[in-house]
Amino acid sequence: MRYSLKSYLKVGTLSALFLATPFAYTTANAQNTTTEQKIEKNTKSSEMKTPIPIDENVKVGTLSNGMKYYIRKNAMPANRVELRLAVNAGSILEDEDQQGLAHFTEHMAFNGTTNFKKNDLIDNLETMGVRFGADLNAYTSFDETVYMLPIPTDSVGYVDKGLLILKDWASGVLFEDEEIDKERGVVIEEWRRGKGANERMRTQYFPTLLKGSHYAERLPIGKKDILESFKYETIRNFYNKWYRPDLMAIVAVGDIDVAEMEAKIKETFGSIPKVKNPAERKNFKTPLNKEPLAKVVSDKEATAIQLQLYYKMPKKAVTTYADLNENYTSELITTMLNARFEELQKQASPPFLYSFAFQGDMIGRDLDALQLYAGLREDNIEGGLSTITQEFERMKRFGFTGSELERAKKQLSKRYEKAYKEQDKTESNRIVMNYVYNYLENQPIPSAKFEYEFLEKNLPSITLEQVNKMAKGWITQENRVAILTGMEKEGVNLPNDEKLVSIWNEAANADLKPYEEKEIASSLIEEANIPKKGSITKEMTNDKMGYTEFTLSNGAKVILKKTDFKNDEILVSAYSLGGHSLYEDKDYIAVSNISSIIAQSGIAELSGSDMDKFMTGKTVRISPYISEYSEGFRGSTSPEDLETALQLMHLYFTNPRQDNDAVASFVATQKGFYQNLASNPNYYFYDQYSQLMANGSIRSGFPKVEELEKTDWQSAYKMYNERFANAADFTFFFIGNFDEEKMKSLLETYIATLPSTDKTENFKDLGTRSPKGMVEKIYKKGSEPQSNVRLSFAGEMTEYDAKDEVALNALAGLLRFKLIEKLREEKGGVYSAGAYTSVDKYPVPNYNVMITFPCAPENVDDLIAASIEEVDKLRNGDIDATDLEKFKEAEKRTNEVNQTQNKYWLSTLQGLYYYNETPESIEKNKSILKDLTVEDVKNAAIKYLDTKAYIKAVLLPETTTEEDKGE
Numbered sequence: 003m004r005y006s007l008k009s010y011l012k013v014g015t016l017s018a019l020f021l022a023t024p025f026a027y028t029t030a031n032a033q034n035t036t037t038e039q040k041i042e043k044n045t046k047s048s049e050m051k052t053p054i055p056i057d058e059n060v061k062v063g064t065l066s067n068g069m070k071y072y073i074r075k076n077a078m079p080a081n082r083v084e085l086r087l088a089v090n091a092g093s094i095l096e097d098e099d100q101q102g103l104a105h106f107t108e109h110m111a112f113n114g115t116t117n118f119k120k121n122d123l124i125d126n127l128e129t130m131g132v133r134f135g136a137d138l139n140a141y142t143s144f145d146e147t148v149y150m151l152p153i154p155t156d157s158v159g160y161v162d163k164g165l166l167i168l169k170d171w172a173s174g175v176l177f178e179d180e181e182i183d184k185e186r187g188v189v190i191e192e193w194r195r196g197k198g199a200n201e202r203m204r205t206q207y208f209p210t211l212l213k214g215s216h217y218a219e220r221l222p223i224g225k226k227d228i229l230e231s232f233k234y235e236t237i238r239n240f241y242n243k244w245y246r247p248d249l250m251a252i253v254a255v256g257d258i259d260v261a262e263m264e265a266k267i268k269e270t271f272g273s274i275p276k277v278k279n280p281a282e283r284k285n286f287k288t289p290l291n292k293e294p295l296a297k298v299v300s301d302k303e304a305t306a307i308q309l310q311l312y313y314k315m316p317k318k319a320v321t322t323y324a325d326l327n328e329n330y331t332s333e334l335i336t337t338m339l340n341a342r343f344e345e346l347q348k349q350a351s352p353p354f355l356y357s358f359a360f361q362g363d364m365i366g367r368d369l370d371a372l373q374l375y376a377g378l379r380e381d382n383i384e385g386g387l388s389t390i391t392q393e394f395e396r397m398k399r400f401g402f403t404g405s406e407l408e409r410a411k412k413q414l415s416k417r418y419e420k421a422y423k424e425q426d427k428t429e430s431n432r433i434v435m436n437y438v439y440n441y442l443e444n445q446p447i448p449s450a451k452f453e454y455e456f457l458e459k460n461l462p463s464i465t466l467e468q469v470n471k472m473a474k475g476w477i478t479q480e481n482r483v484a485i486l487t488g489m490e491k492e493g494v495n496l497p498n499d500e501k502l503v504s505i506w507n508e509a510a511n512a513d514l515k516p517y518e519e520k521e522i523a524s525s526l527i528e529e530a531n532i533p534k535k536g537s538i539t540k541e542m543t544n545d546k547m548g549y550t551e552f553t554l555s556n557g558a559k560v561i562l563k564k565t566d567f568k569n570d571e572i573l574v575s576a577y578s579l580g581g582h583s584l585y586e587d588k589d590y591i592a593v594s595n596i597s598s599i600i601a602q603s604g605i606a607e608l609s610g611s612d613m614d615k616f617m618t619g620k621t622v623r624i625s626p627y628i629s630e631y632s633e634g635f636r637g638s639t640s641p642e643d644l645e646t647a648l649q650l651m652h653l654y655f656t657n658p659r660q661d662n663d664a665v666a667s668f669v670a671t672q673k674g675f676y677q678n679l680a681s682n683p684n685y686y687f688y689d690q691y692s693q694l695m696a697n698g699s700i701r702s703g704f705p706k707v708e709e710l711e712k713t714d715w716q717s718a719y720k721m722y723n724e725r726f727a728n729a730a731d732f733t734f735f736f737i738g739n740f741d742e743e744k745m746k747s748l749l750e751t752y753i754a755t756l757p758s759t760d761k762t763e764n765f766k767d768l769g770t771r772s773p774k775g776m777v778e779k780i781y782k783k784g785s786e787p788q789s790n791v792r793l794s795f796a797g798e799m800t801e802y803d804a805k806d807e808v809a810l811n812a813l814a815g816l817l818r819f820k821l822i823e824k825l826r827e828e829k830g831g832v833y834s835a836g837a838y839t840s841v842d843k844y845p846v847p848n849y850n851v852m853i854t855f856p857c858a859p860e861n862v863d864d865l866i867a868a869s870i871e872e873v874d875k876l877r878n879g880d881i882d883a884t885d886l887e888k889f890k891e892a893e894k895r896t897n898e899v900n901q902t903q904n905k906y907w908l909s910t911l912q913g914l915y916y917y918n919e920t921p922e923s924i925e926k927n928k929s930i931l932k933d934l935t936v937e938d939v940k941n942a943a944i945k946y947l948d949t950k951a952y953i954k955a956v957l958l959p960e961t962t963t964e965e966d967k968g969e
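Numbering of the sequence shown is given in the working numbering, commencing with residue 3 and proceeding in unit increments.
Calculated from the structure, these hints are not laboratory results.
Please note: incorrect hints may appear among the correct ones.
[Claimed, not checked] Straight-line Cα separation of at most 27 Å, DSSO-like style, residue types lysine-lysine; simulated pairs:
hint, residue 1, residue 2
1, Lys761, Lys559
2, Lys894, Lys945
3, Lys427, Lys744
4, Lys928, Lys894
5, Lys926, Lys546
6, Lys471, Lys51
7, Lys276, Lys163
8, Lys243, Lys233
Could you build the full structure based on these sequences and the hints that come with them?
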């Protein structure tokens, strides 16, 4: 598997303009063989030229008009099919006057087609329980546009209608003048949402990163002046030129009959005419460079110092067994390199905040690169740069060690083994994009079984010499690019372009030694120290919900639910009431962070770095937590590693590691992350809003750096031990595929033997409440013409009422429908608008219904007024019963899928115990939703949504005047 930079600049109908992390997990390149091939025990060198086989479970074909199709039966989840329309055309194909119109075309697909007028398409899908944005979506990138449509298969005509929608997107988008003009505002708001420090800096460094490439001139979002004024024919020309069957593929993965789906695809899409004399679909290149390229840029609203390093290399197609072996070698190298970076980050004075390297796609289809992304400390910029570049040089000069390679092989093997074990339990939405990228980029699509068996038979033959030779070949003097971005801030001195290159070059002459490591323990608990078993003293079974409750000899309670939703997964959780609410405000920073420190400290005698090495090849993730009202554990494990998971929990109770280096590393890293967040307008707004809703409580908003630095961490360890001193006050949950007898034995060994007392605790009500009455707050931050609005209807409930909670959830759902309809479709004033409900019983029954949307500053008042008008309509009973039924259907469909997931049952069962509810409440809530009426929703709106007393928080740019805002 490979990483990719491609998703960095995707834009979508309801997807983020710029992703927080520029990585997307993809498989490698491709093949044409159509049947699985048996792998002999040791693949001979003569056989390494054999083409990688296509998974025999996928049907691949091409229609007479050139459209390709992929069909696969996959019954996870049942009664669903994931449909995709992949168009091999994106922003790179735009003419000078079409910049942004590939993405605009994607928007227009939802605004009227041959068989579905504008509102009909969304209405039809919502009637099926398909939600706009959450389910129905699309994205546009440089080289492609992909439409995503999940459809239920258990109702007559739904699949046919879904295929007809895809056909209309492929060949029947109407592009009506009026709809184009209305959509301009929506796309402009999406453009606006992407503005800010990252966008401004990217504009400066992209010409360097993509020097000599057309990609630097064709960002998918386009140019505002073109979006505002392009002629109607200009976008129609783009659609007619590039939306054609020879540049398209249909993908269908789900609970379907393959032959029946193939017949439907042929019937539906075969009638699209083949284009005569089609325009050439060019492939664009990014040139290699002899001299290093570098760019350092800064911005006053930047929140971090981020480094990007690239060693570019021509892309090599992955089509044969030998190519697959090279991919595995590449993965081994980056696994070992990242382990070294992680070890450095855990030092008492870490040289950087984070560092992550991968080898994979750059923007475009002709280049790969060894790529690194790192966050640097503002007090150690050049030191961090030196450390990172010297690690590349150390890898080149000395390579890796045998023990590093063995660990990396274990890790790689475990990853592919898990995919193999879950091959019949993998959700369709996690499979479908493999076939999309096979079409778009010729990435291979072997079965999980083939990949695992091939890996297991060939991994032992990958030698340390081969690995080090490849790693050395990556580190060159040519084809290098360095990008450094950071904040404009007094005391922060970024190097210039020349200095950045100079530091990188100096690594080649650095006095370096080979990587060294020490021996680590072979077990968490030595055989002689394994506790003498306790016992299970009480057992109770709930046959209807399929779970068992044990009481152990030390008083601990354990809830088990065996499932077959996943073959290789057990979800783990535990809680005890109390949390940091039991401590004074002065101790808040200490007690709320100490569990994170302990989690990265290692366990017992093993340091954090030792633990990383020990856990190699194990599928276990267990971490302690301390929240406001509880403490406990969260995590997961494979059935094979269940004992390790339970040993970790036992040791987190009985022998948590105190590590001063881990404390220092944590404080330095947190300081680096948080000290500049308020420079970003949206982070600033979130922080201020959080404090507003908590009436200024110290426990709200982002941590204060100065508080972290003066915290007494020795006292924090004592608080941690207090929180985890009494197992009798804990309830443990294990949901997944486990052997029941083995589970019982391990519980008796590691959980029943934990220390306990007769003392029980509860949380403390700190009295933190949301503000009452009408509250209006305006916050000013930032230089871009961007605003953000949050309207909150929040307060205490007289008493908790399940029907009220269901009605409030329905209220939020109905508001989402109406806000999108009013603010986006009618006014063109927002790209997205949301309405969300939270109801909690602790510390007292409380609720919050929040409306949120970003917009232009001059539209704030108008859009707030329109939003409140929609709330008033709910209060007046102006509710479309059809909308309520759509909401119910969407909830029903979502619940059908959720009930086949371990995470749903973990959340559900833990909720029952945490809130002291009965199992019957689950079915009761379903019944309440089914019977919910318009009158019930109206009554809830009157009761909880007072349009004369709510919280209005607005973010405006610092330069906006009241006149500019429209007042």
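Outcome of the hint check:
1. This hinted pair checks out: Lys761 and Lys559 have alpha carbons roughly 15 Å apart, not beyond 27 Å.
2. For the hint linking Lys894 to Lys945, the alpha-carbon distance of about 26 Å falls within 27 Å, and the restraint holds.
3. Under the criterion of a C-alpha separation no larger than 27 Å, the hint pairing Lys427 with Lys744 is consistent with the structure, at around 23 Å.
4. Restraint check: the Cα-Cα separation between Lys928 and Lys894 comes to about 9 Å, which is no more than 27 Å; the hinted pair holds.
5. Between Lys926 and Lys546 the CA atoms are separated by roughly 14 Å; this keeps the pair inside 27 Å, and the hint holds.
6. A threshold of 27 Å between alpha carbons decides the hint, and for Lys471 with Lys51 the separation of about 21 Å falls inside it, so the pair holds.
7. At roughly 23 Å between alpha-carbon atoms, Lys276 and Lys163 fall within 27 Å of each other, so this suggested pair holds.
8. For the suggested pair Lys243 and Lys233, the alpha carbons sit about 16 Å apart, so the restraint of at most 27 Å is met.
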